[in-house]
Amino acid sequence: MALPSYTETRYRIWHYIYIAICTFVFFFLIAPLFVIFPLSFNAEEFLVFSEGMKNLDPDAFSLRWYKDMIYGTKNPWGLAAQNSFIIAIFATIGSIILGTLAALGLSSRHMPYKGIIMATLISPMIVPLIISGVAIFFFMAKVGLAATHTGIVLAHIILGTPFVVITVTATLSGFDHSVTRAAASLGSNPVNTFMKITLPLILPGVISGGLFAFVTSFDEVVVVLFLAGLENTTIPIQMWTGLREQLSPTILAVATCLIILSTLILISAELLRRRSERLRGINR
Amino acid sequence: MSSETKQILTTDGIPLEVSLKKAEKKNKIKAFLLVAPLLLFLIITYVFPIGEMFSRSIDDKMITNMLPKTFNEMEKWDGQELPPEEVFAAFYYDFKVLVEKQEHGKLGQRLNKEKNGFNSITKKLFRQVKRKKIDESIGIKEQIMAIHKRWRNVEYWQAIKRTAPPYTMAKYLKGMDMYYAADGSIVQVEEDRRIHRILWLRTLEIALLVTIFCFLMGYPIAHLLATLPMKYSNLLMICVLLPFWTSLLVRTASWMILLQQQGVVNDFFVMIGLVSDDSRPEMMYNKVGTYVAMTQILLPFMVLPLYSVMKTISPSLMRAGKSLGGTPFVAFWKVYFPLTIPGIGAGCLLVFILAIGYYITPALVGGASGTLISNQIAYHMKTTLDWSFASAMGLMLLTGVLVVYWIYNKLVGVDNIKLG
Numbered sequence: 010m011a012l013p014s015y016t017e018t019r020y021r022i023w024h025y026i027y028i029a030i031c032t033f034v035f036f037f038l039i040a041p042l043f044v045i046f047p048l049s050f051n052a053e054e055f056l057v058f059s060e061g062m063k064n065l066d067p068d069a070f071s072l073r074w075y076k077d078m079i080y081g082t083k084n085p086w087g088l089a090a091q092n093s094f095i096i097a098i099f100a101t102i103g104s105i106i107l108g109t110l111a112a113l114g115l116s117s118r119h120m121p122y123k124g125i126i127m128a129t130l131i132s133p134m135i136v137p138l139i140i141s142g143v144a145i146f147f148f149m150a151k152v153g154l155a156a157t158h159t160g161i162v163l164a165h166i167i168l169g170t171p172f173v174v175i176t177v178t179a180t181l182s183g184f185d186h187s188v189t190r191a192a193a194s195l196g197s198n199p200v201n202t203f204m205k206i207t208l209p210l211i212l213p214g215v216i217s218g219g220l221f222a223f224v225t226s227f228d229e230v231v232v233v234l235f236l237a238g239l240e241n242t243t244i245p246i247q248m249w250t251g252l253r254e255q256l257s258p259t260i261l262a263v264a265t266c267l268i269i270l271s272t273l274i275l276i277s278a279e280l281l282r283r284r285s286e287r288l289r290g291i292n293r
Numbered sequence: 111m112s113s114e115t116k117q118i119l120t121t122d123g124i125p126l127e128v129s130l131k132k133a134e135k136k137n138k139i140k141a142f143l144l145v146a147p148l149l150l151f152l153i154i155t156y157v158f159p160i161g162e163m164f165s166r167s168i169d170d171k172m173i174t175n176m177l178p179k180t181f182n183e184m185e186k187w188d189g190q191e192l193p194p195e196e197v198f199a200a201f202y203y204d205f206k207v208l209v210e211k212q213e214h215g216k217l218g219q220r221l222n223k224e225k226n227g228f229n230s231i232t233k234k235l236f237r238q239v240k241r242k243k244i245d246e247s248i249g250i251k252e253q254i255m256a257i258h259k260r261w262r263n264v265e266y267w268q269a270i271k272r273t274a275p276p277y278t279m280a281k282y283l284k285g286m287d288m289y290y291a292a293d294g295s296i297v298q299v300e301e302d303r304r305i306h307r308i309l310w311l312r313t314l315e316i317a318l319l320v321t322i323f324c325f326l327m328g329y330p331i332a333h334l335l336a337t338l339p340m341k342y343s344n345l346l347m348i349c350v351l352l353p354f355w356t357s358l359l360v361r362t363a364s365w366m367i368l369l370q371q372q373g374v375v376n377d378f379f380v381m382i383g384l385v386s387d388d389s390r391p392e393m394m395y396n397k398v399g400t401y402v403a404m405t406q407i408l409l410p411f412m413v414l415p416l417y418s419v420m421k422t423i424s425p426s427l428m429r430a431g432k433s434l435g436g437t438p439f440v441a442f443w444k445v446y447f448p449l450t451i452p453g454i455g456a457g458c459l460l461v462f463i464l465a466i467g468y469y470i471t472p473a474l475v476g477g478a479s480g481t482l483i484s485n486q487i488a489y490h491m492k493t494t495l496d497w498s499f500a501s502a503m504g505l506m507l508l509t510g511v512l513v514v515y516w517i518y519n520k521l522v523g524v525d526n527i528k529l530g
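So the sequence lines, in the order shown, correspond to chains A and B.
For reference, each letter of the first sequence is one residue, going 10 to 293 in my numbering.
For reference, each letter of the second sequence is one residue, going 111 to 530 in my numbering.
These are calculated hints, taken from the structure and not from any lab test.
Below 27 Å or equal to it, Euclidean Cα-Cα: the simulated DSS-like pairs (lysine-lysine) are:
(1) B:K171 / A:K151
(2) B:K138 / A:K123
(3) B:K186 / B:K271
(4) B:K131 / A:K123
Using the sequences plus the hints, can you model the full thing?
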């Protein structure tokens with residue numbers, strides 16, 4: 010952002026103020042995440058930087074909270090992680106299947122009542138989670154699925170499908186329908202055409218929608234708080250209880266692992282987005 | 111007729127128009143069948159349950175079923191003077207059934223909500239019925255009135271009459287700090303007990319201010335991201351996307367660490383001499399914490415729509431504005447800013463909708479003065495177990511959100527939501 014040499018002084022000043030504001034905002038966005046890393050290696054039990062840590066004394070750092078997270082007696086993280094992954098994986102699969110089918114239908118120009126149906130399908134993303142939580146809880150309690158994995162998976166499919174619908178519809182918006190017609194004219198049946206032609210082309214959109222659904226499920230706490238029993242505890246529930254009750258540095262160790270996980274997801278989402286743009290022929 | 115002679119036929123002799131319509135219909139059904147599984151799933155597990163919240167919130171059938179004879183007789187009573195013997199007798203026989211089913215306690219609690227003092231007089235009546243002290247062969251009215259003076263007070267009978275309809279709006283009134291008075295009119299609760307109104311206003315205030323903060327912080331960086339060369343902006347975009355993908359609880363945890371009294375922010379303030387070490391300000395468990403944490407958490411939802419709009423604005427427009435004699439400020443204000451309004455609308459509405467229903471972050475960093483309406487709903491769902499009141503409040507909140515959603519849909523269109 011070099012300024013042209015003829016810029017007047019007052020605009021120069023404005024420009025530097027603008028850069029300063031932007032730097033501050035970027036710092037505000039990203040810095041809070043980095044405070045967790047060093048503190049998770051704290052040798053002491055408090056969530057503040059000890060004198061030793063400020064002086065970079067090696068004795069002030071330790072891996073004890075990571076050990077506690079993995080081997081600690083009576084610690085809930087193992088079960089929570091297992092539950093979280095199982096629930097998130099099934100919820101993602103369900104969201105992908107239902108969401109992709111719906112997106113295919115919605116992208117057809119023959120679709121009747123497109124506006125109202127789209128609004129209904131997206132609504133779980135817009136309706137405040139607390140209301141979704143109450144409504145889904147009433148339903149699951151009535152059909153006897155409260156405090157079961159199945160109930161939570163179904164709830165997370167509800168919350169996850171809007172993301173799949175949005176990303177796949179976006180991918181399909183640049184989709185060249187003549188390729189499927191070409192396949193049909195060459196004698197391919199619709200299922201075959203979908204598996205061999207359409208799916209590979211929209212796959213980046215499907216997967217990135219799936220990533221959203223996965224993260225939504227993996228990070229979801231409001232609805233799970235209503236639905237989960239002791240057996241169905243998840244990582245977000247454990248973090249929630251931990252943050253409310255005893256704020257132990259083990260939580261920071263878990264948080265560090267979650268940040269690493271989200272970095273990996275971010276990288277894959279970025280790569281997918283670029284691949285999708287390449288496939289759709291959008292060049293920038 | 112000319113139209114028939116002009117009609118084009120397909121090879122099998124069917125008019126082309128009919129054949130096309132048939133094909134069109136087939137395509138419509140095909141498209142609809144693809145959407146149907148998800149639509150059906152959502153309607154059963156999501157849309158209906160929300161509707162059920164509504165029937166639950168106005169449901170008052172319990173007492174209607176408890177006192178069937180009484181309400182039947184009460185239809186003939188004008189509600190001005192003490193009710194006649196028949197009403198007393200009907201009430202007595204209804205009550206006797208409830209005593210046999212051991213449900214008289216529920217009736218007392220329900221009536222007590224309608225008018226204070228019912229709980230004790232139904233208990234007194236219960237003891238008389240249990241000991242079979244009431245002689246059914248003579249006038250029941252006199253005997254009931256003798257049990258307690260409140261049974262002689264017409265206001266208590268009016269209160270019973272008011273509970274007759276199987277539906278009530280009482281929970282909605284309660285959500286707005288109002289209630290039904292003895293004569294059935296709607297009155298407001300005393301000034302110092304209007305807790306819900308404070309919560310609604312606070313929710314609105316926090317959602318609006320967070321939206322404004324997000325706009326003020328998001329606009330400059332979205333502009334920077336959209337105007338920088340690709341290789342730099344991609345790098346900076348990570349600063350927006352990494353928090354976006356990171357767990358909400360992790361981000362809230364990091365703010366709890368930063369804002370606590372011995373936390374990094376306070377350390378920094380002490381270091382630069384802004385505050386002294388022994389008077390560190392409380393920045394968490396109050397509104398400040400809620401504002402700061404929610405702004406950071408929702409900022410990506412402002413930046414992403416703004417960025418996607420700004421990306422489409424050609425830089426030559428600004429140059430044209432300047433070359434036509436506008437100063438950079440004029441060019442920005444008259445050319446660039448109006449073009450970004452769709453993005454501003456999308457971002458602000460998205461952030462506002464998300465902020466107004468926020469629950470987790472305010473509950474953790476907000477303390478007592480930072481709690482929102484969502485926290486109140488959760489409290490009634492989990493602690494007081496007043497599910498119908500929680501449903502009523504939830505639907506009031508939902509109505510507000512749907513209005514904003516509708517505006518959003520009109521202005522931006524839900525299919526234009528961009529993610530990442």
